[in-house]
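Student: Sequence:
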Amino acid sequence: MEYNFREIESKWQRYWADNKTFKAENNSLKPKYYVLDMFPYPSGAGLHVGHPLGYIASDIYARYKRHKGFNVLHPMGYDSFGLPAEQYAIQTGQHPALTTNTNINKYREQLDKIGFSFDWDREVRTSSADYYKWTQWIFGLLFNAWYDKKQDKSMPLASLISYFETHGNHSLEAVTDTEVALFSASDWKAASAKGQEDILQQYRLTYLAETQVNWCPALGTVLANDEIINGVSERGGHLVVRKKMLQWSMRISAFAERLLKDLDLLDWPQPLKDSQTNWIGKSKGAMVTFKTQASDWCLEILDIAVFTTRPDTIFGVSFMTLAPEHEYVSRITSPGQKKAVAAYVTATSLRSERDRMADVKTISGVFSGAYALHPFTGAPVPIWIGDYVLAGYGTGAVMAVPCGDQRDYDFAKHFNLPIPNIFKGIDITQEAYAQKDGVVIDHSGFLTGLPYKEALTKAIKELEVKGSGFGKVNYRIRDAVFSRQRYWGEPFPIYYKQGVPTLIDLAYLPVALPEVAKYMPTETGAPPLGNATHWAWCCQTNQVVSNDLIDEKTVFPLELNTMPGWAGSSFYFNRYMDSSNTKAMVSEAAVDYWQEVDLYIGGSEHATGHLLYARFWQKFLYDLGFVPKGEFAKKLINQGMITGTSAFVYRLEGTNTFVSKGLINRRKVQALHADVSMVNAADELDIIAFKAWRVEYANAQFELEDKGVYTVGREVEKMSKSKYNVVSPDAICDEYGADSLRLYEMFLGPLEQSKPWNTAGITGTYGFIKKLWKLYFNPSGTIFNTEEPTADQLKTLHKTIKKVTEDIESFSFNTAVSTFMICVNELTSQGCKSKDILEPLAILVSPYAPHVAEELWAGLGHKSSISLASFPIFNSVYLVESEKEYPVSFNGKMRFKITLPMDFSKDAIEAAVMAHEKTQQHLEGRIPKKVIVVPGKIINIVE
RNA sequence: GCUCGAGUGGUGGAAUCGGUAGACACGUUGGACUUAAAAUCCAAUGGACAUUAGUCCGUGCGGGUUCAAGUCCCGCCUCGAGUACCA
157 MEYNFREIES KWQRYWADNK TFKAENNSLK PKYYVLDMFP YPSGAGLHVG HPLGYIASDI
217 YARYKRHKGF NVLHPMGYDS FGLPAEQYAI QTGQHPALTT NTNINKYREQ LDKIGFSFDW
277 DREVRTSSAD YYKWTQWIFG LLFNAWYDKK QDKSMPLASL ISYFETHGNH SLEAVTDTEV
337 ALFSASDWKA ASAKGQEDIL QQYRLTYLAE TQVNWCPALG TVLANDEIIN GVSERGGHLV
397 VRKKMLQWSM RISAFAERLL KDLDLLDWPQ PLKDSQTNWI GKSKGAMVTF KTQASDWCLE
457 ILDIAVFTTR PDTIFGVSFM TLAPEHEYVS RITSPGQKKA VAAYVTATSL RSERDRMADV
517 KTISGVFSGA YALHPFTGAP VPIWIGDYVL AGYGTGAVMA VPCGDQRDYD FAKHFNLPIP
577 NIFKGIDITQ EAYAQKDGVV IDHSGFLTGL PYKEALTKAI KELEVKGSGF GKVNYRIRDA
637 VFSRQRYWGE PFPIYYKQGV PTLIDLAYLP VALPEVAKYM PTETGAPPLG NATHWAWCCQ
697 TNQVVSNDLI DEKTVFPLEL NTMPGWAGSS FYFNRYMDSS NTKAMVSEAA VDYWQEVDLY
757 IGGSEHATGH LLYARFWQKF LYDLGFVPKG EFAKKLINQG MITGTSAFVY RLEGTNTFVS
817 KGLINRRKVQ ALHADVSMVN AADELDIIAF KAWRVEYANA QFELEDKGVY TVGREVEKMS
877 KSKYNVVSPD AICDEYGADS LRLYEMFLGP LEQSKPWNTA GITGTYGFIK KLWKLYFNPS
937 GTIFNTEEPT ADQLKTLHKT IKKVTEDIES FSFNTAVSTF MICVNELTSQ GCKSKDILEP
997 LAILVSPYAP HVAEELWAGL GHKSSISLAS FPIFNSVYLV ESEKEYPVSF NGKMRFKITL
1057 PMDFSKDAIE AAVMAHEKTQ QHLEGRIPKK VIVVPGKIIN IVE
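Just so we're on the same page, the working numbering is the position in the first sequence counted from 1, plus 156.
Think of the hints as simulated: they come from the structure by calculation, not from any bench.
A couple of the hints might just be wrong.
What the hints assert, rightly or not - So the derived label-pair ranges between C-beta atoms look like this:
1) LEU1024 to GLU744: 28 to 38 Å
2) THR248 to ARG162: 30 to 40 Å
3) LEU546 to SER884: 40 to 50 Å
4) GLU744 to ILE978: 41 to 51 Å
5) ALA461 to ALA201: 48 to 58 Å
6) THR248 to ALA590: 47 to 57 Å
7) HIS251 to SER702: 12 to 22 Å
Glycine included, each C-beta is placed from N, C-alpha and C at the ideal position.
Based on the sequences and whatever the hints tell you, model everything.
Tutor: Structure representation (structure tokens):
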């Protein structure tokens, strides 16, 4: 029998599907284990070999856990709302649902080819109405919830309303976006529906607000902070500008402290935790209020609040700076400065985010003409406007302490403002002194002579006494903008009753995405849903009806925005537990059984997006009692990227002549991508294929190397269609089989690391499978026997079991593959045919190469699938080695060999001591008192 | 700038607790089988000198601790990732 992977793989894939081998039940006597992959966005390009890396790792782990006797949940689905399908729809008029469907089918086909053990009965698609019904439901829960700071948890809105009815908002501790004016119970009762809603909006966990947003004109939509990279959109790299718009926001800031603190509970990669920590950006300091000096043009005294981490330097303040967007700018500006200020504000608002970031070195600003009063000295402090102060952080205003902050220092130098020195004995003639250690405050009234720590505490205390400020913890994280001006996303379950946003009840969900004639914004600039003719809500029938029926009595307009991409991915892990439930997102029984994800595998690019939002929603659902855990994934692994190895040909400038890499010799050439499929492992170009590739290359001339070949240049780049370096898993499966692909992807290197793909290397794992096969089969059939295995064979097997188990538990899948290779080589040279060895070996390799393992298992005479049974094989580990030689070296010169038994015995210690005595005497005559020995290794010597 | 991570043969990478550095694989070279090729199998493969037997040098650089350092400590250099006027 020959190893025919095509036959074997299609046979077992069919078998697994027909028998629902990997279907997980929501209850079992076995312990549960939940292995999850980050579900993909089904793009039109299909999968390349980089995509399945994480899926292969999680599949190995899932299969391994099944063998260890766990009831394993291992689902897959699609994050199928998104921009590419919509942009394709704009270009071609094809409905995004159709494109998405086609892409999903393609993905499914590709995934099936690799032989994953997913429970497909639980598949979810974020764009299907059955699914987004629950996305809308969670939005509704957030809409009807507020954050109680006293209990530090989210609460249903009903409790807030009843509080308002009895106390107004007096002594209420809730998280709100801005400070809410005080009102009494009777004020509340007297307020109109609109008035009450305006108040509630300030408390709801999702709320409508006029916010500065990142507007991307090219995409025609707003973007969240994490969707912008270096000032341009993550998708497409388009320009992003700041703009004020009425938008839905999510009050994630209420959860900042818990999101930060609970990172400690998670077994997640440290870099990922670090970037979440940075993103949340906690800093301790104080809020300080500066009162403005009354003036002819502004009689009113305004309170300008600033946040500072250094209240100890308050006596070093020589000016204040407001962000150009600060609300007081126009009010405090003096008539004389009006023109200059207006010009400056306009100029900064016109600059894109990118421009502003690009030249952080250019100092710009303008004096407002107004002054504030120093809270302690009462001295007038000039108020400046400067774009180095960001509207989005803190209060959008700073107290400038030029001697202690480099930006304030530069600004002061540039505009010739005074730089008072309040640090004892520190030279600030060249730059600011920003360190906190070793400073003693000087020229600072009651703070003079105090070191940093004491000055800080004292300053905050005095501010509180004076009523000019208080200690405060500030967070960088902003509330997340939740509206997108797009078609292909979840509609909001919201309609507007005389302008009051009103929630549609769960009983009438889902509110399905309407049909539109075109997928672009309307002529009036409204989002694409503005094109829908049936997009109004009838409160009597609780249905979507024609816009013509809008009468503002029973029929009202629906929200035109849709939800962002991260909405659907923020709870899907819970939905998998019970994905066909039509009554609830997940039944109580199912979520009690599965609890949380035990192992989550996916890319690190989601650190400050998906992974933060998902934690936020999980905490919210936990507060309301819908899920039993406040964190959704116990352990997380970031798989690295598999990069492509691009090939380059070099065209002499202005000609159609291509020069082989070795012959360039400083001549002017243009490097052009050549498709990697036309290049062999020795970097030689298939010239005939290259000429046929493109019309313009049909008559190309070539300068060849001595051997008559054209050598290409190589470079490692991201795998992408435009770089012609994409390798498809289908092609690999066709040529070498899925098992070779799986083993090779694991073998390439550590899971977390990024590594370049090199198709040539796959012959290694392919050869391994063929060698493995030959242990069980020869051309005429099976070759196993029932003879007793030899000691050597047992040793090889158990060594392998031990090592592979350790490797898999520590997610070192790459070394596990090497261990298999060594094992097979040893068994081959031992001439092993014993069933007692071959049986466990088949089980051992089955997580990695499941198809061939099934075939070997069947070949050994077993009727059932290897995947269906549970075997304790991974639990049995025997050490067969009894003794081994260990070297003792000294300064790289002397080498003695001692033989230690594997057990921890007196003899072992003595032998080691003697060896070391010899070494010592030989050199310096020093004799160690003690040698600490563990089985097999000498660790340490104490003198 | 800040935070984190990584530097080991021609290449991807092993070395899990400080204990024979370079496992395993690719590639390369030589050989066997073959009319030939593919496939398969065998051997060699860090560098230098010696080619019998060995010797010396080798884990980014410079120091240190230790009987012993790729591994620990101090100082640098380079690369990668994240973040960036965060007050």
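Student: Could you check the structure against the hints above and give me the numbers of any it violates, in ascending order?
Tutor: Nothing - there is no hint that the structure violates, so all of them hold.
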